[in-house]
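J.: So the protein lines, in turn, are chains A and V.
First residue of the first sequence? That's 0 in numbering that gives the first Met the number 0, and the numbers climb one at a time after it.
First residue of the second sequence? That's 0 in numbering that gives the first Met the number 0, and the numbers climb one at a time after it.
Keep in mind that the hints were calculated from the coordinates and are not lab data.
Do not rely on the hints blindly, as some may be mistaken.
Unchecked claim - Chain A regions said to be covered by chain V (calculated; three or more residues, Cβ under 8 angstroms):
1. 109-119
2. 124-137
3. 331-342
4. 414-422
5. 425-439
6. 476-486
Unchecked claim - Distance condition first, Cα-Cα at most 25 angstroms in a straight line; then the derived DSS-like pairs of lysine-lysine:
7. V:K159 with A:K444
8. V:K309 with V:K159
9. A:K157 with A:K168
10. A:K444 with V:K309
11. V:K309 with V:K164
Beta carbons: idealized from backbone N, C-alpha and C, even for Gly.
Given next are the chains, with one letter for each unit.
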Amino acid sequence: MVETLPQVAALLPALVLAATGLALLLVDTISPDARSNTSMAIVSALGALGSLSVTVWFVASGTGSVDTGGAVTLFADAIKVDTLALFFIAIFASVTALVVVAAHDYFHDHDNPAAFYSLTLFAATGMSLLAVANSLAVVFVALEMVSLPSYVLVAYLKQDRGSVEAGLKYFLVGALSSAVFLFGISLVYAATGSLILADIASTSVEGLAGVLGVGVVMMIGGVAFKTASVPFHFWAPEAYEGAPAPVSAFLSSASKAAGFVVAFRVFTEAFPLRMAVSANVDWMLAFAVLAAVTMTLGNFAAAVQEEVKRMLAYSSIGHAGYALIGVAALTLDGPANGTVMGAAMAHLLVYGFMNTGAFLFVAMAERWGVGRTFADYAGLWRRAPVASVAMAVFMFSLAGLPPFAGFFSKYFLFQAAIDNGFLWLAALGAVNSVVSLYYYSRVVKALFLDDPEMSSALDAVDVRPTALYAAVVFAAVATMLLLPGFGPVIETAEAAASALF
Amino acid sequence: MLEALMAVAFAGALTVFLAPDEWAGRLAFALSLIPFVGSLSLWSGFEAGGNALLGGEVAYATQIEWLEVGGRSVSWFVGLDGISLPLFVLTTFLVPLAILSAWTPVDTRQSQFYGLMLFMEANLLGVFAALDFFLWFVFWEAVLVPMYFLIGIWGGPRRKYAAIKFFVYTNAASLLMFIGFMSLVFALGDSVSSFALPEIAQAVAAGDLGTWFGIPPNTVALFAFVAMFLGFAVKVPIVPFHTWLPDAHVQAPTPVSVLLAGVLLKMGTYALLRFNFTMLPEQASALAVPIAVVAVVSVIYGAMLALAQKDLKRIVAYSSVSSMGYVILGLIAFTEYGVGGATFQMVAHGLISGLMFMAVGVIYNTTHTRMVGDMAGMADRMPVTVGILVAGAFGYMGLPLMAGFAGEFFIFVGSLSAPALPYAPVFTALAMFGIVIVAGYLLSAMQSTLFGPFELETDYEVGPAAFHDVAPLAVLLVAIIVLGVAPDIFFEMIRDAAVPVVEGVTING
């Protein structure tokens, strides 16, 4: 933290996002005539990038890191800004920037695009708040702040039946899981008498371990919903498929990461490993089972899909399973606790770029109107070589093939799990990665090797949506550059995660 | 210096991607000469001795830390020794020639084609230069991506099948190999602090392997050896993992076949030498008999399969399987001449098979058929091409004073006196018999297609090939003869690097 700034400036990344969202809303309300899709997109992209730059600056200058005086706590410990939070805010801001840029072309003929940008930024603000939340009350409020705009965003194409249906399904499952999560919080409060994470950890739960245990299980349910993990995953394929593709990108990358920040921080800080072992509230085991089931279910379901977007939805469930290893492969005094969680964080960052990019390619295909299935993508390479190469990069990287960043992030996750004694989880992850290569390479095969059924099928590719192209290409470049540049990412993440143990 | 050559190939790839189709071929050729000239200067300045993995000197080494996770660091670590330098030079030499041979047959999307060729070159150079496991693996896998597209987009009628088969086979193999190597690293535990290959090789040699998840060190080493051997066997390829090769070769366009046979197969044997035979000599000599058996089976069975083919390209493809069998035999012999000869044979076979594929491609450009029965008397119409093809075929059969003879001779000398291999003379004699079959199918195929009265049903005049088609053939032939007359230009440094490998087995066994 730069000393001259007041403490509250540590929240600057979240404040920038919130201010941008409010400004957009203000223009939209006061002078609806002055708004234009382009200016709205530019302002929101600048807001997201501004937040990203502040975040990177804070990380570089050591705000909230252990080396420079520790985390910055605000508002009677309800907020805690540390490197972990900043790392996740960087993911949220990057994904938001990509999504709003892409949305400019996607919603080019929508009659009210302005609300999209402000809703996206409000959701991103909620995510940032989730990253810095140090009290279960703040966690819940922030979670709702992410969820409510998300419901609207999924149903944003209100003339489109699929979009509206997806929004309703998402809302119903979301409302249920919010209720479960909130009930979990209340049980934890009943057992410990506190909502601040550190105070929960330091309270003795003698005789109330059962209540605490039920509360923890319910909170796991809330996390599972947000991260689209088993058993609350079934909304994801429906919502991602029906939602406008940029929204799917946003939900499957940023919103999922937001769920993980809850898992990573709340469980390790409020119910530390020592307490989990002594009170017999073994949430690590619960997460291990969830991780195993989630990655297997996601990958095998993705393998049988015929629509690219639905395949990506299941693949994002599979990746939630990989990232859950970060909270599953933990043991009391494990030698690699920080490494495994740090590797999961790094995987989420890389995933943020490659998955967002993949969904944005789908957005481009929707913009062209070429169709939704693998067969509809046949031969797209001939008309859109750059975007197709970018999509190949995303697919190979998601599958974890070198020379792309997804290889390193997955490898180090599995390596850390093995170092911590979870060979079975890493082996299962490796097997799932092999399965995933099958369906990811189907996309590449369709794009590059297959011939379209009718040569006129490619005529649909008649426009070059500049902003969408820019977002896709940028995501691809980031996916490639994160391989040579993986060092600082994993080292920051490892340090941030180690501070939790 | 090494980095500069790889960077030139990589930047060249990007430049050619963006260049217009009309002069992409010429630009790619010109750019690919830069790494070649550079590698010649590396060769002339090369003075290092010993094996890079076993404590020898590493020429042109650079080591920069990349990242560190869980107590092990990954670094950009490249360098050459007597084993990798000849293969490095071979790659930079073959790529310009392959690009030249693409000018006639490749007529669609040239800039992408040549861009991918240069991209592949950059990664191939990385495979031979990398001395850090992760760096090596990244390059190793990155070779697959351009190859997949080169076969899948510019290939023959069944290109999709061939490309996917190639991709699936080699990727599954890579995974197996990766798991094998990683089990070794994990079993080494805290005794290594990086993924640098020299450090790992020396730690294994020093007996630092520990118990891992309750599995005793010897079992881990055996598992690692078998997993890596199977993984590399697909790449080499060794019978019975060879079935992807004929499909890939027949469907791939000529210049891609040249690189596939000339360099990509050598990745497999190079990796076998570097990983299996250098790091785990004890396990290798324990498994000497089964390995020698698969080597001899590859030699004989590959040659028999070639005998049965009617497609000239398939004949050359199967004979590659046979030739790679010799390399495996040389490696398992664990003698100075065996291991050295195997490495020499990699280079020699790279040149000879490159020449054969290229010559078949030149004939195909004119005749549009590769079937033995469809044509006869090609020598009448294409005297120069046919002359070089015949000379190359004799090189394949091991005619003295050509590179193939030197390679096979060294291997047989080495394997006859192999101390660690029981029944060494029997295996050697059986493998030698393979040469007879090679002579049989090559002579009969040439007899029916090249000589006799001219016969080919076309509605156009069949004439000599263009200069830029024949020139690379001539250059390759000269290189084959030079290497056959003066094998020491490579063999000396190869032997220098092979001796420590051989000493490894005599100490342990």
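J.: Determine for every hint whether it applies to the structure shown.
T.: So, going through the hints one by one against the coordinates:
1. Counting residues of the segment 109-119 of chain A whose beta carbon lies closer than 8 angstroms to any beta carbon of chain V gives 0, which falls short of the minimum of three for the stated coverage.
2. Residues of the segment 124-137 of chain A lying with their CB closer than 8 angstroms to a CB of chain V number 0, which falls below the three-residue condition for coverage.
3. Counting residues of the segment 331-342 of chain A whose CB lies closer than 8 angstroms to any CB of chain V gives 3, so the stated coverage by that chain holds, three being the minimum.
4. Figure legend: the segment 414-422 of chain A, annotated as covered by chain V; annotation consistent (5 residues with Cβ-Cβ distances under 8 angstroms, at least 3 required).
5. Figure legend: the segment 425-439 of chain A, annotated as covered by chain V; annotation consistent (3 residues with Cβ-Cβ distances under 8 angstroms, at least 3 required).
6. For the segment 476-486 of chain A, the stated coverage by chain V holds: 4 residues have a C-beta nearer than 8 angstroms to a C-beta of that chain, and at least 3 were required.
7. A hinted pair counts as satisfied when its Cα atoms are at most 25 angstroms apart, and K159 of chain V with K444 of chain A qualifies at roughly 8 angstroms.
8. With a CA separation close to 22 angstroms, the supplied pair K309 of chain V and K159 of chain V stays within the 25 angstroms bound.
9. Under the criterion of a C-alpha separation no larger than 25 angstroms, the hint pairing K157 of chain A with K168 of chain A is consistent with the structure, at around 14 angstroms.
10. Distance restraint check for K444 of chain A and K309 of chain V: the Cα-Cα separation of roughly 31 angstroms exceeds the 25 angstroms cut-off, and the hinted pair is therefore not satisfied.
11. Taking the CA atoms of K309 of chain V and K164 of chain V, the gap is about 22 angstroms. The hint holds against a cut of 25 angstroms.
When held up to the earlier numbered hints, the structure conflicts with 1, 2 and 10 and fits the remainder.
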